[in-house]
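Chemist: Here the protein sequences line up with chains A and B, keeping their order. So that you can map any letter, position 111 of the first sequence is 123 in my numbering, and since no number is skipped, the others follow by simple counting. So that you can map any letter, position 145 of the second sequence is 465 in my numbering, and since no number is skipped, the others follow by simple counting.
Just to be clear, a hint being listed does not mean it is correct.
Unchecked claim - For lysine-lysine, the following DSSO-like pairs were computed, each having C-alpha atoms within a straight-line distance of at most 27 Å:
1. B/Lys-456 x A/Lys-165
2. A/Lys-151 x A/Lys-121
3. A/Lys-153 x B/Lys-323
4. B/Lys-323 x A/Lys-165
As the list claims (entries may be wrong) - If you only want the chain A side, here are some residues facing chain B, beta carbon under 7 Å, derived:
5. Ser-39
6. Phe-158
7. Ile-159
8. Arg-161
9. Ile-170
10. Pro-189
In case anyone wonders, no lab produced these hints; they're calculated from the structure. Yeah, the Cβ is synthetic: ideal placement off N, Cα and C, and Gly gets one too.
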Amino acid sequence: MSEILLKIDGQEVTAKQGITLLDAARSAGISIPTLCHHEKLEPYGACRLCIVEIETRGGTRIVVSCVYPAEKNLIVRTRSEKIDRIRKMILELQMAHAPDSFILQDLAKEYGADRNRFEKEASFCIHCGLCVRYCAEVKKKNAVGFIDRGIRKEISFIPEIASKECWKCKECFPLCPTEALQAAYVLVEALAFPQAST
Amino acid sequence: MDKERIDRIIDKHNCEPSYLIQVLLDIQAENSWLPGEVLERVAERLQVPMTRIQHIATFYKAFSLVPKGRHQIHVCMGTACHVRGASRVLDTVQGLTGIEPGETDLDLKFSLETVNCLGCCALGPVVEIDGKTHGKMAPALTADVLINYD
Ligand code: SF4
Ligand code: FES
Ligand code: FES
Chain A
13 MSEILLKIDG QEVTAKQGIT LLDAARSAGI SIPTLCHHEK LEPYGACRLC
63 IVEIETRGGT RIVVSCVYPA EKNLIVRTRS EKIDRIRKMI LELQMAHAPD
113 SFILQDLAKE YGADRNRFEK EASFCIHCGL CVRYCAEVKK KNAVGFIDRG
163 IRKEISFIPE IASKECWKCK ECFPLCPTEA LQAAYVLVEA LAFPQAST
Chain B
321 MDKERIDRII DKHNCEPSYL IQVLLDIQAE NSWLPGEVLE RVAERLQVPM
371 TRIQHIATFY KAFSLVPKGR HQIHVCMGTA CHVRGASRVL DTVQGLTGIE
421 PGETDLDLKF SLETVNCLGC CALGPVVEID GKTHGKMAPA LTADVLINYD
């Protein structure tokens with residue numbers, strides 16, 4: 013595949029045609045914060061934390077780096093006053109749902125986000141989809157999925173599959189940025205198959 | 321709902337996983353709700369994970385995972401109907417049927433939903449029952465309309 017040249021944070025970066033801006037930046041040692049990204053999974057673009065600024069015909073544009081393909085001669089900035097402001101807002105909104113997540117707290121420190129800015133609505137899950145996608149794409153078990161939509165969207169285990177597969181896997185547990193997943197699993201285990209794992 | 325009927329619907333769509341929503345819609349139309357065993361049959365035949373079926377069945381309002389009544393009442397709560405007293409109409413419907421929006425009575429006679437504008441505001445307040453529009457409703461009239469359904 014052909015190589016292209018672009019500029020990220022003033023640094024010349026060569027990247028393979030077709031890879032995302034996030035991968036191009038990471039290959040050059042430039043870090044961009046992410047929540048819903050995982051190397052083994054298809055790009056998802058759910059959390060929007062990985063936004064970057066690109067220069068286009070005189071103006072700038074905000075794009076989502078984990079799904080945006082690297083282009084030739086593109087000029088990219090991974091931090092700016094505007095990006096930081098948006099990231100701060102995203103974090104504050106997520107912390108209304110998961111105020112005690114360590115990952116969010118660390119990011120909040122970096123971006124000056126106030127965990128108490130919005131009224132708490134602790135649902136704990138921030139819908140990053142890591143657990144759902146990992147189970148479907150990597151493990152191919154589909155033990156956990158999303159149900160409902162909008163403000164009522166939540167993860168849901170299929171008890172018949174979970175009771176057979178999950179106790180010996182649990183690979184999604186450390187992926188969850190908020191520990192909502194573990195809580196949901198413990199609950200479904202207690203309700204649906206209490207004896208299976210003991 | 322027996323297996324043959326489910327299979328007939330699935331076969332009509334050539335057992336194509338990408339027709340999942342269409343299959344579910346057809347089952348919903350024939351059976352008025354989607355029981356768990358039906359979803360399992362669909363998952364098995366179409367070879368789609370249960371998680372995806374659940375996601376779709378809970379995402380769209382057209383699907384119901386609980387039994388529905390024989391008659392579907394839709395009370396319009398849109399702006400035009402609202403200013404003409406839709407909430408009083410809804411109150412009477414609730415009083416007469418004993419159920420709230422989103423619920424079905426124990427005899428499986430009525431299911432009640434509210435909707436936001438049925439597109440015939442001039443007739444407001446509008447109540448739609450099994451697809452038939454009842455315009456210019458008033459609390460005093462609802463009993464006369466509902467009595468026609470059994
Ligand atoms: S439970 Fe955790 S991993 Fe799963 S979608 Fe929610 S936040 Fe993400
Ligand atoms: S990491 Fe890009 S949107 Fe979440
Ligand atoms: S608001 Fe009721 S029909 Fe339009």
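Chemist: Confirm or reject each hint.
Modeler: Verification of the supplied hints:
1. B/Lys-456 x A/Lys-165: violated, 37 Å
2. A/Lys-151 x A/Lys-121: violated, 34 Å
3. A/Lys-153 x B/Lys-323: holds, 25 Å
4. B/Lys-323 x A/Lys-165: violated, 31 Å
5. Ser-39: Cβ of A/Ser-39 sits 33 Å from chain B, so the hint is violated.
6. Phe-158: Given a least distance of 5 Å, the restraint on A/Phe-158 holds.
7. Ile-159: holds, 4 Å
8. Arg-161: holds, 5 Å
9. Ile-170: holds, 5 Å
10. Pro-189: violated, 20 Å
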